[in-house]
Every structure is written in structure tokens, then in C-alpha cells.
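Peer 1: Chains as they are written, first to last, in my numbering: chain V, 7 to 297; chain A, 35 to 285.
No lab work stands behind these hints, which were simulated from the structure alone.
Even for Gly, the Cβ is constructed at its ideal location relative to N, Cα and C.
Hints may be right or wrong, so weigh each one.
Said to hold, decoys possible - Here are the simulated DSS-like cross-link-like pairs (lysine-lysine), alpha carbons at most 30 Å apart as the crow flies: (1) A/K66 with A/K44; (2) A/K66 with A/K168; (3) V/K296 with A/K44; (4) V/K224 with A/K44.
Said to hold, decoys possible - Residues from chain A that keep clear of chain V, each with C-beta distances beyond 12 Å, as calculated: (5) F91; (6) N106; (7) A156; (8) D210; (9) S216; (10) E283; (11) I285.
Claimed, not checked - Partial pick of chain V residues on the chain A-facing surface, computed with a CB cut under 7 Å: (12) K136; (13) V209; (14) Y221; (15) L222; (16) A235; (17) L238; (18) R239; (19) V290.
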Amino acid sequence: MHPAPSVILFTSLSGLGFGLMFWLGFGFPDVTGWTAFAFFFIAYALSVGGLLASTLHLGRPSRAMNAFSQWRTSWLSREGVAAVVTLLVMAVYAIGLIFYDTNLQVVGWIAGLLALLTVFTTSKIYNQLKTVPRWNMPLTPVLFLTYALAGGALLAGQVMPAAVLLLVLTVLQLATWQMGDKAFANAGHTIETATGLGNLGKVRQLESPHSSPNYLMKEMVHVVGRKHAMKLRVISTVTLGLLPVAILLFLQFNHILALVAVASHLIGLLVSRWLFFAEAEHVVGLYYDKR
Amino acid sequence: MTALPQSTEKKLGLVIDLDTCVGCHACVINCKEWNTSNYGAPLSDIDAYGAEPMGTFLNRVHSYEAKQDGKNAQTIHFPKSCLHCEDAPCVTVCPTGASYKRVEDGIVLVNEDSCIGCGLCAWACPYGARELDKAEGVMKKCTLCVDRIYNENLPEIDRTPACVRTCPAGARHFGDFADPDSNVSKLTAERGGMELMPEQGTKPVNRYLPPRPKTDVTGIGKIDILAPYLDPVPEQAGGFLGWLDKALEKI
Chain V
7 MHPAPSVILF
17 TSLSGLGFGL
27 MFWLGFGFPD
37 VTGWTAFAFF
47 FIAYALSVGG
57 LLASTLHLGR
67 PSRAMNAFSQ
77 WRTSWLSREG
87 VAAVVTLLVM
97 AVYAIGLIFY
107 DTNLQVVGWI
117 AGLLALLTVF
127 TTSKIYNQLK
137 TVPRWNMPLT
147 PVLFLTYALA
157 GGALLAGQVM
167 PAAVLLLVLT
177 VLQLATWQMG
187 DKAFANAGHT
197 IETATGLGNL
207 GKVRQLESPH
217 SSPNYLMKEM
227 VHVVGRKHAM
237 KLRVISTVTL
247 GLLPVAILLF
257 LQFNHILALV
267 AVASHLIGLL
277 VSRWLFFAEA
287 EHVVGLYYDK
297 R
Chain A
35 MTALPQSTEK
45 KLGLVIDLDT
55 CVGCHACVIN
65 CKEWNTSNYG
75 APLSDIDAYG
85 AEPMGTFLNR
95 VHSYEAKQDG
105 KNAQTIHFPK
115 SCLHCEDAPC
125 VTVCPTGASY
135 KRVEDGIVLV
145 NEDSCIGCGL
155 CAWACPYGAR
165 ELDKAEGVMK
175 KCTLCVDRIY
185 NENLPEIDRT
195 PACVRTCPAG
205 ARHFGDFADP
215 DSNVSKLTAE
225 RGGMELMPEQ
235 GTKPVNRYLP
245 PRPKTDVTGI
255 GKIDILAPYL
265 DPVPEQAGGF
275 LGWLDKALEK
285 I
């Protein structure tokens, strides 16, 4: 799949933002006033920024409001609804903490759980697609949720939970890559099943249906970017979890180092999300004899 | 709502005969011509005279080669457009309700006025049947020429999809798969009409007729199958021609 910056930023940043909201909703850290404002500002900037980035992916962004209507059938619609509801409920909790020094804890819990639900709906947009076997695995929602929880814990300054979750995340990410590499073959789609010509022998493309790439090939048959996939996986593994954990556990904790840990995690997250798209093979590629 | 109907009254669709298709792309061109000037936004071309011309098409003709060990290869021209699936994944993923399947005839359509161009339906389609129009920013797909097949302003012979009407080889057939006596149902039954990528569980309505078996000439060795018709011309002609030949030699 084409690794469009809009969808990479959308899933990464909003995931981080809603992850932070989960921790804030449950009172970690337990803050009020201007400190609370700073935390909630970061959470809203990330989640809203990510959602706005997603609208850049639309052919008709002016009609984005239409996307809230089909929540009964569409995961993308559910994602939109869940995100807006979370932002509104969390706002009630945040306003209480920031301006009135009041902890509406039940509202916080509800908002925190809604934040996780939003991340789950984001993951389902991709996970539901049978056409992309690498995404169509039960691990995809687990991975997205763990990203949100671990990144959120890191941003919330919860050192020990963050360290544990980042290590779990790293293992989970490695496992997802490992299983994802076999997903397409396991799904059993081949150029023979795509064309139905298998009983005539081995099938290959003789001539392309068009002389230059079309929307389908640009969007779904992204082959070029996979060249450095292995190196990028290593970079992501190190920056995503290992480096931040080392900083959290072995160095004296302070704000500068926390910023380095967050920056490192963000780099790892963006690289892994780039790979999430670039390495995903769509079955339509079979019609072009490409993966 | 973008929920799929439980069942549809008719199941309109195409039968594409892979044995007959000659790969002329006439269906591609006539589809583009009809659909750029009728239902919905025109099908744009981007950089049409430049280095990388791109355009929106609702129908494409692929060409494949199939080869078994020790046998001659076979060429198959393979037109591909929306299969109007019964269990269309492109419909249920749509966040706006723009994508829908009609209860009356099973045609899958896009309401372009509410499409936001998110492209998720194209991602959900295994067949590459949907293309986002770059100029218009909305999703385009085969309408089964919904604006022709019921159009009483057209002569009756033209009330069929543009690709079917134009096919010079008669490789495309249009009809109702819900009716077991329709032309398409009969063709499918007689010729073993197949579904594409059935393992995706989309239950496509359109069917493809597999190429008929070719005469196996690989075992015949050096004998030309046309040999009986190509008897060697005798060096020495007899009869009148022989006399004429000799007579002319002597002059």
C-alpha cells in the first residue's frame, strides 16, 4: 500500500494522543491547574492533529462531515464518531481539573476507556480488509492498542509502566512483522486464483492493461519502498522501545532525557507505521503480476 | 445506510467469455466514452499528452499467458470491471453511505454527491474495480450502464451496457443471474462460468467463461497439422500441363 504521509501521521499521532488521554483519564499523573493544562494540551494537539491530517487523505475534504453517518456498518465512520465523543467527554474531565480543581473521576474513567475504544476503531479500519492479508490478522488491533498504551505512558511520565509496555510493544512488533511476512502466502491468493486460469498452467502477465501506472498501482501496488525494509525494521526496533527503555531505567530521570526518550519513540513509531503501509501487499497486485 | 440488502430482486451482471475475447480494448474505449459523458462526474485524464499519461477507466483489459510444462503457451485476454458482488466489501466499509447496492437489480453504485474520496472502498475491493478520479476527488466505478439499460430514449438494441454493445467478438453478455433461464445463467451453466478469487468470499455476480481446451499438437512431432492440405507439388507435371511444359522447353 502507498505509505501516504497523511495516514501515517493520522494513525501515529492520534494513537499517541488517545493513548495519553487513557492515562490522564485514569489520573496518571494526578495533576490539576496549569500542569494539567500542559498534559491535556499535548493530548489534544496530537489526537486532533492526527485527525486533521487524515482529512488530507480525502479527495473531497469539505464533505468530511458525511463520514459520521454510517457508524452501524463502517469502521471508518465508527472511528470518527468514537474520536469526537472521546474528545468531548475528556474535555469535561479536563475542564474540571484545569479550571475548577475538581476531579470528576468517573467521567475520567469513561473518557479514558473511550480513548482506547477510539484506537481500537482506528485499527479496525485496516484490520477489517481481507484484501490486505498483512493487516487482516488478530494481532493488528492488539499492536495498535499496545502502541497507544506504551506511548501514552511515556508521554504521561509513568516510568515503570512505560518501560514494561515499551518492552512488550517491541516484542509484539517483532512478532507482527514475523507473522505478517507469511500472511499473504497463508491467505492462499495467487495469480491463478485471481484470474481463475490455474487449470491452464502457470499464469503470468503477458502485457499490461495500460502503458503507465494508474490509481490502483500507485495506491495499492507499492513495491519500490520495500527495498530497505529490513534496515528500517532494525531502526524502528531500537528507537521504538529499546532506546527509550534504556533511558528510562538506567539514567537519572529528568525532562531533557524524557524528551529524548519521547523523540526516539516517535521516530520508531513513524518508521514502523511507514512499514505498516509500505510492506502491506494488496491482492489486486496479483492482477498486475506484482505484489 | 451502507448495509448490504439481504437479497436483490434481480442480479444483473456480465458474462465474459475468455475464449472469445481478442483483447481489442473496444469495451474499454466505449465504456470511457459513455461514462465520461453520462452518469456522474466525467472520467478525467491527467497529463494526457505528457510523459506519464493517467486516466480514470471503469474497465481494463489485462493479458495473461498460461503455460503447462511441455505444452505450448496460451494467451488469454482478460477484461476486468466491477463484478457487482453479492457480498460487496466496498459497500460496507463506506463511511458516508455513498456506496450502495441496489435492492431492485443488485447494481453497486456510488452516490458521488456524498462521496468524500477516502478511497477505503477501493482498498476493500480485491479486483481493482474502483478508481478515484484525480480531478473530481470522488470514487468512480462501473455502473453496469444503469443509464442505458433502462433508458427508453434509446433503441431497444442499445439498452445494454456500452462494453457489451460494442464488443466486436461477442465476448460479453449482459443479463439477470437470478433468472435460471436467462442467457447469462445458461452460458454460465453450459461453460462452467467461474468466480474470480472466490476465497475472498465476495460472491461476485459476474462470471468468466474459461477458454475452451485447445487441440494438443505437442505430441505430433514434426508433422504439420495442415500437411494433408499441403501435398507437395510434383516436380514433373503430367497430362496437358506436362505436354505444354515440354513443348515450351523446346522452343
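Peer 1: Which earlier hints can't be squared with this structure?
Peer 2: 3, 4, 5, 6, 7, 16, 17, 18
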